[in-house]
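First to last, the sequence lines map onto chains X and F. If you read the first sequence in the numbering used here, its first letter stands for residue 1, the second for the next number, and so on. If you read the second sequence in the numbering used here, its first letter stands for residue 1, the second for the next number, and so on.
Simulated from the structure, these hints should not be mistaken for laboratory data. Among the hints, a few may not be true.
[To be verified] Here are the computed lysine-lysine pairs in the DSBU-like style, where the Cα-Cα straight-line distance is at most 35 Å:
| no. | chain 1 | residue 1 | chain 2 | residue 2 |
| --- | --- | --- | --- | --- |
| 1 | F | LYS49 | F | LYS110 |
| 2 | F | LYS100 | X | LYS65 |
| 3 | F | LYS49 | X | LYS65 |
| 4 | X | LYS65 | F | LYS61 |
| 5 | X | LYS65 | F | LYS69 |
| 6 | F | LYS100 | F | LYS58 |
| 7 | F | LYS100 | F | LYS69 |
| 8 | F | LYS71 | F | LYS110 |
| 9 | X | LYS65 | X | LYS7 |
| 10 | F | LYS49 | F | LYS61 |
| 11 | F | LYS58 | F | LYS110 |
| 12 | X | LYS7 | F | LYS69 |
| 13 | F | LYS61 | F | LYS110 |
| 14 | F | LYS58 | F | LYS71 |
| 15 | F | LYS49 | F | LYS100 |
| 16 | F | LYS49 | F | LYS71 |
| 17 | F | LYS61 | F | LYS100 |
| 18 | F | LYS110 | X | LYS7 |
| 19 | F | LYS61 | F | LYS71 |
| 20 | X | LYS7 | F | LYS71 |
| 21 | F | LYS110 | F | LYS69 |
Take a look at the letters that make up each chain.
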Amino acid sequence: SAVISQKPSRDICQRGTSLTIQCQVDSQVTMMFWYRQQPGQSLTLIATANQGSEATYESGFVIDKFPISRPNLTFSTLTVSNMSPEDSSIYLCSVDTGTRGEQFFGPGTRLTVL
Amino acid sequence: AQSVSQHNHHVILSEAASLELGCNYSYGGTVNLFWYVQYPGQHLQLLLKYFSGDPLVKGIKGFEAEFIKSKFSFNLRKPSVQWSDTAEYFCAVIGSGTYKYIFGTGTRLKVLA
Numbered sequence: 001s002a003v004i005s006q007k008p009s010r011d012i013c014q015r016g017t018s019l020t021i022q023c024q025v026d027s028q029v030t031m032m033f034w035y036r037q038q039p040g041q042s043l044t045l046i047a048t049a050n051q052g053s054e055a056t057y058e059s060g061f062v063i064d065k066f067p068i069s070r071p072n073l074t075f076s077t078l079t080v081s082n083m084s085p086e087d088s089s090i091y092l093c094s095v096d097t098g099t100r101g102e103q104f105f106g107p108g109t110r111l112t113v114l
Numbered sequence: 001a002q003s004v005s006q007h008n009h010h011v012i013l014s015e016a017a018s019l020e021l022g023c024n025y026s027y028g029g030t031v032n033l034f035w036y037v038q039y040p041g042q043h044l045q046l047l048l049k050y051f052s053g054d055p056l057v058k059g060i061k062g063f064e065a066e067f068i069k070s071k072f073s074f075n076l077r078k079p080s081v082q083w084s085d086t087a088e089y090f091c092a093v094i095g096s097g098t099y100k101y102i103f104g105t106g107t108r109l110k111v112l113a
């Protein structure tokens, strides 16, 4: 299994600002994923981040709004740019275990935008 | 369209009651199926998974789920719930050979002591 940590665990931000969320894994993994969980809704995949290549974004998510870095096999960041109250969500990172799509999830970052 | 439906959004049970949470999916192709649980204040954890073989799979903490291919269902069951089972439960599917989870909207279970 993989142990995943995220920073910050929560934050309250002002409209128009940006927040960078960090995801650290205790082992090397090829694929990392970023999800959003809006209040009362399910998890939605934002993008897939592979080391050494550009992130792949899902429909409805764009790089200008959610830039992602993946500098090595144990770390990734997600930035939520030019935030609005609609960005208030829990943001989670996950990693692929290599077993038929099974993923381990981080604890999440609870973001509130005022 | 690919989707996962969890019909029960909120469930309240007394301890020792039996639990069944419904999960139906729509996906054109072979899938792997998962149930995840999120206890209050904790992160998502894998409860059980189905890849192939025996359609009745057993997970942690006495949970089990049955894959019924003809009904596109993967319902979660537990014969006797405990207060500590209070959590949110998510059903998820992933197409074989892909990495994109499709999650259901979750079911919040509250077990009364």
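Results of checking the hints against the structure:
About 23 Å separates the Cα atoms of F:LYS49 and F:LYS110, which keeps this hinted pair within 35 Å; it holds. Between F:LYS100 and X:LYS65 the alpha-carbon distance is near 21 Å, which keeps this suggested pair within the 35 Å criterion. Proposed proximity of F:LYS49 and X:LYS65 is supported: the alpha carbons are some 34 Å apart, at most 35 Å. At most 35 Å may separate the alpha-carbon atoms for a hinted pair to count; X:LYS65 and F:LYS61 exceed this at roughly 40 Å.
Annotation: proposed proximity of X:LYS65 to F:LYS69 is violated, straight-line Cα distance about 39 Å (limit 35 Å). Proposed proximity of F:LYS100 and F:LYS58 is supported: the alpha carbons are some 24 Å apart, at most 35 Å. Of the supplied pair hints, the one linking F:LYS100 and F:LYS69 holds, its CA atoms being roughly 20 Å apart against a limit of 35 Å. The suggested pairing of F:LYS71 with F:LYS110 holds, with an alpha-carbon distance near 27 Å, which does not exceed 35 Å.
For the hint linking X:LYS65 to X:LYS7, the alpha-carbon distance of about 19 Å falls within 35 Å, and the restraint holds. In summary, the hint linking F:LYS49 to F:LYS61 is supported, as the alpha carbons are separated by about 14 Å, within the 35 Å threshold. Proximity of F:LYS58 to F:LYS110 is assessed by CA-CA distance (about 22 Å); at most 35 Å being required, the pair is judged to hold. In summary, the hint linking X:LYS7 to F:LYS69 is not supported, as the alpha carbons are separated by about 40 Å, beyond the 35 Å threshold.
Restraint check for F:LYS61 and F:LYS110: satisfied, since their Cα atoms lie roughly 16 Å apart, inside the 35 Å limit. Among the hinted pairs, F:LYS58 with F:LYS71 is consistent with the structure: their alpha-carbon atoms are about 20 Å apart, no more than 35 Å. Between the alpha carbons of F:LYS49 and F:LYS100 the distance comes to roughly 15 Å, so the proposed pair stays at or under 35 Å and holds. Note on F:LYS49 and F:LYS71: the hinted pairing holds, with a Cα-Cα distance of about 18 Å set against a maximum of 35 Å.
A threshold of 35 Å between alpha carbons decides the hint, and for F:LYS61 with F:LYS100 the separation of about 27 Å falls inside it, so the pair holds. Restraint check for F:LYS110 and X:LYS7: satisfied, since their Cα atoms lie roughly 29 Å apart, inside the 35 Å limit. With a CA separation close to 26 Å, the supplied pair F:LYS61 and F:LYS71 stays within the 35 Å bound. For the suggested pair X:LYS7 and F:LYS71, the alpha carbons sit about 41 Å apart, so the restraint of at most 35 Å is broken.
Under the criterion of a C-alpha separation no larger than 35 Å, the hint pairing F:LYS110 with F:LYS69 is consistent with the structure, at around 29 Å.
Of the numbered hints given earlier, the model fails hints 4, 5, 12 and 20; all others are met.
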